[in-house]
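Whole structure, please, built from the sequences with the hints as guidance.
Protein chains in written order, with the working numbering: chain W, 1 to 664; chain R, 1 to 171.
Honestly, I wouldn't trust all of these hints.
Claimed, not checked - Listed below are several chain W residues computed to face chain R (Cβ distance under 10 Å; list not exhaustive):
hint	residue
1	Y147
2	V212
3	F220
What the hints assert, rightly or not - So these bits of chain W aren't anywhere near chain R, every CB distance computed over 10 Å:
hint	residue
4	G9
5	P123
6	W127
7	G342
8	L482
9	Y505
10	G546
11	A594
12	M604
13	M613
14	L629
15	R641
16	A655
In short, the hints are calculated from the structure, not lab data.
Glycine included, C-beta positions come from ideal geometry on N, C-alpha and C.
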Amino acid sequence: MSEPCGWTGQILRVDLSSGETSTVDTMQYVPDFVGGAGVAARMAWEELSPGLDPFHPENRLYIVTGPLTGTLASGAGRVEVLGVAPQQRPSIFSRSGMGGHWGAELKYAGYDGVIVQGEASAPVYLWIDDGQVEIREASELWGKGTYATTSILRAIHGPQTRVISCGQAGERRSRIAVIQTETGNAAGQGGFGGVMGAKQLKAIAVRGTGGVRIARPDAFLDLCIGASREGQRPGTHGVWRWRPRRDGARSGARSGAESERRRFRVRKCGFCMSPCAHPIVEHVTATDGTGVPSVARQCWGYMGTTREVDAVARALTSDYGLNGWEITFGVIPWLEMCKQHGLIDAIDGLEIPIPDRPLEYMTDTAPYGSEFIHHLVHKIAFREGELGDALAEGTCYAADQLFGGAGVPLLDRIYPRHCGQTEHWGGHWGPGGTIYWPWWLPPVLQWCVDTRDPANDSTHQWAEHVQFYLPESGPRRGPFPLEKVRAVCARVYGNADVCDPAYTYDPPEAKAIPAIWHSHRGMIVNSLILCDYENTRVFSTATEDGLADTALMAKLFSACTGYDLSEAELDQAGERIWNQLRAIDVRYFSRDRAVDESTIDGFMYPGKDDGVMLDRIKFLTLLDAYYALSGWDPATGWPARAKLEALGLSDVADALEQSVRVTG
Amino acid sequence: MGETDPTLKIMTQTLQRSGVIAVERSLCLACRECEVACSLYHEGECSPSLSRIRVRFDDFVPGLPDLIICKQCDWPACYDACAARWEEPAVRIDPATGARYIDAEKCRGCGDCLRACPLTPERTVIGVRQVGRKRIYWMCDLCHDRPEGPVCVQICPGEALRFVPADERHR
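Set out below in structure tokens:
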């Protein structure tokens, strides 16, 4: 196959220290590692060194697309970013994804990904124009927000230029800085904006006029259209209500003067026909007079006193390139807790609001006004004062520096193993409790073994494509009776008990199996790359037996690339990628079972929605089952040689044994 | 000019009217699935540059997206220009839908259709591809050979695109 279908066939490597660019042949890694995160994991395995500091020039940003990126497959606008992540504590190799149009544009420009390594001596940006690559000086852009950076680059390179950039926060090596694209998409978790800043890379601008070749166009078209029909599921992502209708009505819009003042545009991320969209609010002005021309609203938000506070704060966060999720669900609740414990009272004279009872759950957070949130976000972005400088590191690092460490115990509820990323605390999942007892046990298992908050590629499917269908979970009533649910589970997971409320910790397989299954599928999702809200599907209301087409991703992959992989073969590729990532973690960052187990402490409190607390002793049996079913050593939590060899990773097994001899 | 002058012939005959893809900009979600669906159906490749429909928007500039697609004119200048130049014109009219389309077999690559279009380049999309030494022009054909109708209309998640048949369009 001289002209590959799906992949463009080459990955761009840019060394900012030497100013040299080269290409890597994608095809040496596929189809074994699929693309996206899988290919990046394999390259990182070959290139990283032990304990690499995230801000060291040798750290790399793997900004990658997959074979389906830029195609008609629903959710195919995404791009995945991997690297040693500064937000994580301690820093480990991690990942974060974003939607938008940039990933597709990169493929149209002829590349499957960009590897950025080294460190520029002065601010630069990368300009990729249909296969022509230029490192250009960016002194004019340095100090600008992501919005202005995008607009300036569009003025220079044309209105259809797609841009990813870091804001002022990233320039200052904030550990909670994001890589931003458009108004509402960002690779948010991991602090990869700070890595861009450390490399003095302000932005990557792309324009591409090529395309993605499809091996079997007719079959692919039919698959994509069929998949979008099946995607219409119950309880879909809440923001969909903003979609405008032909009759002019908007189901989510409130009547009255307030809503009439607002002007909406409704957007999807690029290249997706899923039932999901976000409104872009135009001309927002908060009470202190600050305003923005437009801002995208996503599933999360600031707990401001009014919606305008939220909208403007959100725009500021995106513009400065900060992780709003971390600030709204980590920094601010922690500051409120600190005030309740007498550690701090106000920030530069601005009172920190507190709830009238002890803050125990995310939803207890007291709402705040625009002056407070703007001041705080600004302080963090520009590292102003001792507080701003510390919080720019994220709460977990800041807690060590502030108040003589007295705020460290308060992290327990928010941050499992104080790892730098907030749990969806409040019900072991999130506000409103998308996942109820006992169904949050598999996500907690995923939390234990993953390198990031798994509530993206791994856990979202478990919520969107499983939980919504169950007859009873917490207060929710789904469409399927228990017998039907059991029948689907028997076919998908090979275990009918997985979604049966009669089973909690026992048998442990009933929870370990879905935890593993969805992580493996998650690796396929972020390697193809598809949206994690859309895939992988388990249940469906479109079929009589309630079973979704679980082979959909394999069919899409095969029709797109021409490499015919069965569902089982693609699942094995997912398992291979998962093990490869685990091996990176073990070899370079000393991951073992003890680290996994320390995650449990973050869940040792009663859930807000169900009042249930994790039972540590019983949960350890789940972890045992997880390792056993994964083919990992139950004592160390390392992938065992037999498993690695079965996955075609015997060189990984050799290297891991070598590192045992070195370290042990 | 004699009686057989093709231009004169065209001017005096009544053309079959066409359906059209009606666009409602306020419903467009700017996902660009129409672009990749169009190029996939027509060219076997997902490439907005090969799409007969274009979505133009900038999230940093308030306003609705622009959707650029062939208007399937009652009096199509592209059709006239092609017929005026060639004995066997490539721009044709589909008897079922009335779609004005370019027959790739017959296209000689002169580009008169593109130059004749009164809406070029802002409001319609006529493109060209190189096949060996031959240049072949393409434009929206309303997917007239597709039983399900225009593919962009079928996949649009915002229902911003709607196929309006000839009789409804002119009612």
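How the hints compare with the structure:
1. A least Cβ separation of about 6 Å between W:Y147 and chain R falls short of the 10 Å threshold, and the interface hint therefore holds.
2. Hint status for W:V212 relative to chain R: holds, with the closest Cβ pair at about 4 Å, below 10 Å.
3. For the restraint placing W:F220 at the interface with chain R, the shortest Cβ-Cβ distance is roughly 7 Å, inside the 10 Å limit, so the hint holds.
4. A cut-off of 10 Å between C-beta atoms confirms that W:G9 is not in contact with chain R; the least separation is 15 Å.
5. For W:P123, the shortest C-beta to C-beta distance to chain R comes to about 21 Å, beyond the 10 Å cut-off, and the non-interface label holds.
6. Every CB of chain R is more than 10 Å from the CB of W:W127 (nearest about 18 Å), matching its label as outside the interface.
7. Remark: the non-interface label on W:G342 is consistent with the geometry, its nearest Cβ contact in chain R lying 44 Å away (cut-off 10 Å).
8. Non-interface status of W:L482 relative to chain R is upheld: no Cβ of that chain comes within 10 Å, the nearest being about 33 Å off.
9. Once the 10 Å rule is applied to beta carbons, W:Y505 is consistent with being away from chain R; the minimum gap is 41 Å.
10. Residue placement check: W:G546 keeps its beta carbon more than 10 Å from all beta carbons of chain R (closest about 24 Å).
11. For W:A594, the non-interface assignment is confirmed: its Cβ lies about 45 Å from the closest Cβ of chain R, beyond the 10 Å cut-off.
12. No Cβ of chain R comes within 10 Å of the Cβ of W:M604; the nearest lies about 43 Å off, and the non-interface call holds.
13. The Cβ of W:M613 sits about 42 Å from the closest Cβ of chain R, beyond the 10 Å cut-off, so the non-interface label holds.
14. W:L629, annotated as away from the interface, keeps every beta carbon of chain R farther than 10 Å; the closest lies near 38 Å.
15. Even its closest Cβ contact with chain R, about 41 Å, leaves W:R641 beyond 10 Å, as expected for a residue assigned away from the interface.
16. No Cβ of chain R comes within 10 Å of the Cβ of W:A655; the nearest lies about 38 Å off, and the non-interface call holds.
The structure fails none of the hints (numbered hints given earlier).
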